[in-house]
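**Student:** I would like the entire structure built from these sequences, with the hints used as guidance.
Protein chains: 4
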Amino acid sequence: MSTTGVPGLSKSRLEMLCDGIFAIVMTLLVLEIGVPSHTEIHGDEQLARRLLDMWPEVLSYAVSFALLASFWFAHHFEFSFFARTDRRHIWINILFMLAISFVPVSTALLGQFYRYRLVVVVYAGNMAVAGLLLFWNWWYATRGGRLTVEGVPERVRKAVSVRLLTYAMLFALAMGLSWVSTAVGLAVCVAVPVVYIIMQVVPHGMDAPREGVPEAPRGE
Amino acid sequence: MSTTGVPGLSKSRLEMLCDGIFAIVMTLLVLEIGVPSHTEIHGDEQLARRLLDMWPEVLSYAVSFALLASFWFAHHFEFSFFARTDRRHIWINILFMLAISFVPVSTALLGQFYRYRLVVVVYAGNMAVAGLLLFWNWWYATRGGRLTVEGVPERVRKAVSVRLLTYAMLFALAMGLSWVSTAVGLAVCVAVPVVYIIMQVVPHGMDAPREGVPEAPRGE
Amino acid sequence: MSTTGVPGLSKSRLEMLCDGIFAIVMTLLVLEIGVPSHTEIHGDEQLARRLLDMWPEVLSYAVSFALLASFWFAHHFEFSFFARTDRRHIWINILFMLAISFVPVSTALLGQFYRYRLVVVVYAGNMAVAGLLLFWNWWYATRGGRLTVEGVPERVRKAVSVRLLTYAMLFALAMGLSWVSTAVGLAVCVAVPVVYIIMQVVPHGMDAPREGVPEAPRGE
Amino acid sequence: MSTTGVPGLSKSRLEMLCDGIFAIVMTLLVLEIGVPSHTEIHGDEQLARRLLDMWPEVLSYAVSFALLASFWFAHHFEFSFFARTDRRHIWINILFMLAISFVPVSTALLGQFYRYRLVVVVYAGNMAVAGLLLFWNWWYATRGGRLTVEGVPERVRKAVSVRLLTYAMLFALAMGLSWVSTAVGLAVCVAVPVVYIIMQVVPHGMDAPREGVPEAPRGE
Numbered sequence: 315m316s317t318t319g320v321p322g323l324s325k326s327r328l329e330m331l332c333d334g335i336f337a338i339v340m341t342l343l344v345l346e347i348g349v350p351s352h353t354e355i356h357g358d359e360q361l362a363r364r365l366l367d368m369w370p371e372v373l374s375y376a377v378s379f380a381l382l383a384s385f386w387f388a389h390h391f392e393f394s395f396f397a398r399t400d401r402r403h404i405w406i407n408i409l410f411m412l413a414i415s416f417v418p419v420s421t422a423l424l425g426q427f428y429r430y431r432l433v434v435v436v437y438a439g440n441m442a443v444a445g446l447l448l449f450w451n452w453w454y455a456t457r458g459g460r461l462t463v464e465g466v467p468e469r470v471r472k473a474v475s476v477r478l479l480t481y482a483m484l485f486a487l488a489m490g491l492s493w494v495s496t497a498v499g500l501a502v503c504v505a506v507p508v509v510y511i512i513m514q515v516v517p518h519g520m521d522a523p524r525e526g527v528p529e530a531p532r533g534e
Numbered sequence: 315m316s317t318t319g320v321p322g323l324s325k326s327r328l329e330m331l332c333d334g335i336f337a338i339v340m341t342l343l344v345l346e347i348g349v350p351s352h353t354e355i356h357g358d359e360q361l362a363r364r365l366l367d368m369w370p371e372v373l374s375y376a377v378s379f380a381l382l383a384s385f386w387f388a389h390h391f392e393f394s395f396f397a398r399t400d401r402r403h404i405w406i407n408i409l410f411m412l413a414i415s416f417v418p419v420s421t422a423l424l425g426q427f428y429r430y431r432l433v434v435v436v437y438a439g440n441m442a443v444a445g446l447l448l449f450w451n452w453w454y455a456t457r458g459g460r461l462t463v464e465g466v467p468e469r470v471r472k473a474v475s476v477r478l479l480t481y482a483m484l485f486a487l488a489m490g491l492s493w494v495s496t497a498v499g500l501a502v503c504v505a506v507p508v509v510y511i512i513m514q515v516v517p518h519g520m521d522a523p524r525e526g527v528p529e530a531p532r533g534e
Numbered sequence: 315m316s317t318t319g320v321p322g323l324s325k326s327r328l329e330m331l332c333d334g335i336f337a338i339v340m341t342l343l344v345l346e347i348g349v350p351s352h353t354e355i356h357g358d359e360q361l362a363r364r365l366l367d368m369w370p371e372v373l374s375y376a377v378s379f380a381l382l383a384s385f386w387f388a389h390h391f392e393f394s395f396f397a398r399t400d401r402r403h404i405w406i407n408i409l410f411m412l413a414i415s416f417v418p419v420s421t422a423l424l425g426q427f428y429r430y431r432l433v434v435v436v437y438a439g440n441m442a443v444a445g446l447l448l449f450w451n452w453w454y455a456t457r458g459g460r461l462t463v464e465g466v467p468e469r470v471r472k473a474v475s476v477r478l479l480t481y482a483m484l485f486a487l488a489m490g491l492s493w494v495s496t497a498v499g500l501a502v503c504v505a506v507p508v509v510y511i512i513m514q515v516v517p518h519g520m521d522a523p524r525e526g527v528p529e530a531p532r533g534e
Numbered sequence: 315m316s317t318t319g320v321p322g323l324s325k326s327r328l329e330m331l332c333d334g335i336f337a338i339v340m341t342l343l344v345l346e347i348g349v350p351s352h353t354e355i356h357g358d359e360q361l362a363r364r365l366l367d368m369w370p371e372v373l374s375y376a377v378s379f380a381l382l383a384s385f386w387f388a389h390h391f392e393f394s395f396f397a398r399t400d401r402r403h404i405w406i407n408i409l410f411m412l413a414i415s416f417v418p419v420s421t422a423l424l425g426q427f428y429r430y431r432l433v434v435v436v437y438a439g440n441m442a443v444a445g446l447l448l449f450w451n452w453w454y455a456t457r458g459g460r461l462t463v464e465g466v467p468e469r470v471r472k473a474v475s476v477r478l479l480t481y482a483m484l485f486a487l488a489m490g491l492s493w494v495s496t497a498v499g500l501a502v503c504v505a506v507p508v509v510y511i512i513m514q515v516v517p518h519g520m521d522a523p524r525e526g527v528p529e530a531p532r533g534e
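Residue numbers (this note's numbering), protein chains in the order written: chain V, 315 to 534; chain R, 315 to 534; chain A, 315 to 534; chain H, 315 to 534.
Everything labelled a hint here was simulated from the structure, so no lab data went into it.
Please note that a few of the clues may not be correct.
As the list claims (entries may be wrong) - According to the in silico footprint, chain H covers these stretches of chain A (three or more CB under 8 Å from chain H):
hint	region
1	335-344
2	397-410
3	417-429
Idealized CB from N, CA, C, for every residue including glycine.
**Tutor:** Below is the structure:
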């Protein structure tokens with residue numbers, strides 16, 4: 315039941331669409347891993363070698379899964395502050411979803427061509443664009459308390475903005491670094507989600523921003 | 315908990331099915347983009363050329379994503395007026411979903427054969443049929459306040475109907491124009507979602523129809 | 315919030331899983347339609363001929379979509395009587411989902427081999443099994459009011475049972491008839507969903523069974 | 315509406331993401347079953363032989379579907395005790411989802427290479443890892459009543475832990491046994507879900523652990 319007074323555009327269906335797209339993209343990634351056919355394999359050793367050769371595809375899959383999960387987590391976190399949505403907010407989210415749903419393509423490219431600079435640039439670029447759109451999502455919705463419950467304190471608004479922009483900028487950095495060395499650009503792309511997840515699960519005393527901010531009503 | 319007195323057919327499961335189908339179709343589009351295999355590529359230049367050659371597939375994907383998002387948005391908007399569903403309404407929605415789930419096929423055709431008149435006609439036809447079904451959905455549900463909360467004012471009912479029909483008619487027009495020139499038909503198909511989205515996000519003083527219309531109860 | 319007193323197994327997550335599987339299966343069907351590549355086509359006529367040759371695949375897709383929608387509708391209808399679930403009920407539903415998720419395979423077979431008796435038998439058999447499991451779902455849940463709100467009147471219980479069994483039996487009949495003539499078996503498979511949907515949307519005065527039966531609480 | 319006092323991270327969106335991933339993985343399995351093309355088949359007998367040759371793929375699909383359903387069931391069961399989530403809990407669940415979404419790959423491998431020891435080890439290993447992560451999920455959330463409603467009695471906590479660990483250990487055992495005999499390892503992988511499901515649906519007087527434990531509030 316709506317308690318926000320903004321008629322017609324419900325936050326819950328937008329969340330449902332986004333969660334659906336995240337779930338599907340995270341699962342489709344696995345389809346890009348090509349399984350050999352039993353007609354091309356003769357003997358244990360050949361199979362073992364063939365499976366070991368799949369490592370770039372399996373690693374790309376795991377890294378993209380972790381990256382998508384971190385975007386899902388941040389999206390989830392943002393929405394916990396929002397009480398409603400509006401037209402522009404919906405379209406910002408759809409642009410974000412367009413970037414997210416492109417990840418299987420850039421992941422498949424990475425699995426096939428991880429040695430090629432161009433492909434590392436495409437991959438890091440995809441993530442940088444998704445990060446910028448997630449920042450825009452936050453900036454738009456919290457500006458003047460537009461879509462939040464009672465207005466997010468400026469301190470919290472800035473702290474979250476800095477984090478989101480940092481995340482996007484690290485991938486822009488990876489794009490730049492891959493012109494110097496493809497391997498370094500690639501390493502940044504792999505390191506970012508790993509560090510992010512470690513920072514999420516290891517206590518580090520920097521989690522304060524949420525404190526004292528009322529939660530958005532749910533089930534609306 | 316139902317508050318509408320119509321037993322047995324819940325609006326929420328229909329929304330869940332539709333949102334699921336939209337999310338999947340929007341994500342499956344990306345599978346139609348064929349990623350080259352590393353065995354066929356030798357050297358940076360060849361890869362760059364090969365990736366540039368993918369532009370019709372990438373563009374078809376982006377246009378179809380935008381079109382599907384606009385249909386999802388309009389479906390979402392319609393349902394915000396509805397308080398319940400009934401058998402016929404469910405089957406109108408299923409026909410609409412049949413048209414929506416065909417979009418990956420017409421998009422793949424467009425990505426491969428955008429120069430062929432026949433394929434532009436199929437693509438525009440798919441969208442025109444989806445638009446007409448969305449109009450039918452609205453017309454059926456609002457007729458005499460059949461499925462709405464307290465009845466939608468006739469003025470609002472007509473304003474929304476005109477918009478939905480216009481959307482469908484633009485694609486019918488694109489079908490016709492592609493007999494004159496495939497390029498023109500194609501241009502209309504690309505322009506329609508772009509203009510629609512711009513009209514959604516730029517303030518233009520034509521947003522009145524919702525005013526004063528009670529919102530349907532949610533979570534039912 | 316649970317009001318049923320049966321702890322631990324919520325009806326809503328089971329519905330969510332089932333709706334998700336239905337949405338995905340209905341959308342995956344379309345992936346079985348093979349789109350030609352632009353490298354194999356030269357000229358308008360060849361493309362037109364090639365697209366016309368796709369008719370068995372497109373028709374199989376539309377028929378399977380309608381069949382799946384009718385199963386979703388009936389599942390939805392059954393669940394509107396249920397107030398809770400239990401272990402066995404969950405596993406009956408999972409078996410039903412196994413039959414539903416096999417539909418893309420039998421549909422792809424039908425699209426390729428509609429002239430072969432064996433494939434019509436497989437297709438009709440898939441639907442007959444799904445129908446029987448849906449009947450079992452109903453029979454188990456309503457037996458002695460096991461999972462229903464206040465107990466379904468015996469009259470209603472039987473009327474719904476007869477319908478569900480009839481649906482399953484028509485596909486068993488199609489299996490039998492295809493031993494006589496593949497075309498007749500196929501015709502029954504196509505006719506059943508068409509007639510079912512027409513009976514849903516045309517008023518025919520046989521809709522009484524629901525009357526007077528309390529609706530299950532939702533959102534639980 | 316939240317009643318738990320833990321702001322920002324809702325249990326319901328995590329459930330939605332997980333149910334979405336389960337639904338998609340369970341459905342994608344079927345895509346790994348390769349349907350022959352009508353151009354390679356001539357005559358009824360050849361088709362019959364070709365369809366019979368698909369048995370390892372169909373069986374792998376059915377076994378994986380049952381295994382995934384059992385993991386979904388256990389996940390569902392665990393969450394019925396939880397009232398909230400936190401960062402680490404979300405990332406444990408995402409790791410679990412990573413293991414689950416890898417199942418289509420190990421299933422496809424099994425369908426192609428069920429005679430190869432290495433593939434049985436990969437398959438059983440995938441399930442063992444998923445089982446261990448599900449145990450971790452439970453252990454973490456119930457430790458000191460961290461995420462549960464009023465704290466789960468130690469007796470219940472241990473009983474569920476033993477079951478989850480046993481499940482994981484059976485697959486570790488299957489990994490070990492396949493070094494002795496591939497067939498035995500494979501048999502254990504097939505037997506485990508069958509026995510598990512039978513134990514779920516046949517009354518056996520061992521279902522007590524839930525008794526007296528308050529259910530988590532839903533819809534939060």
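**Student:** Determine for every hint whether it applies to the structure shown.
**Tutor:** Hint check:
1. 335-344: Check passed, 5 qualifying residues.
2. 397-410: holds (count 5)
3. 417-429: holds (count 6)
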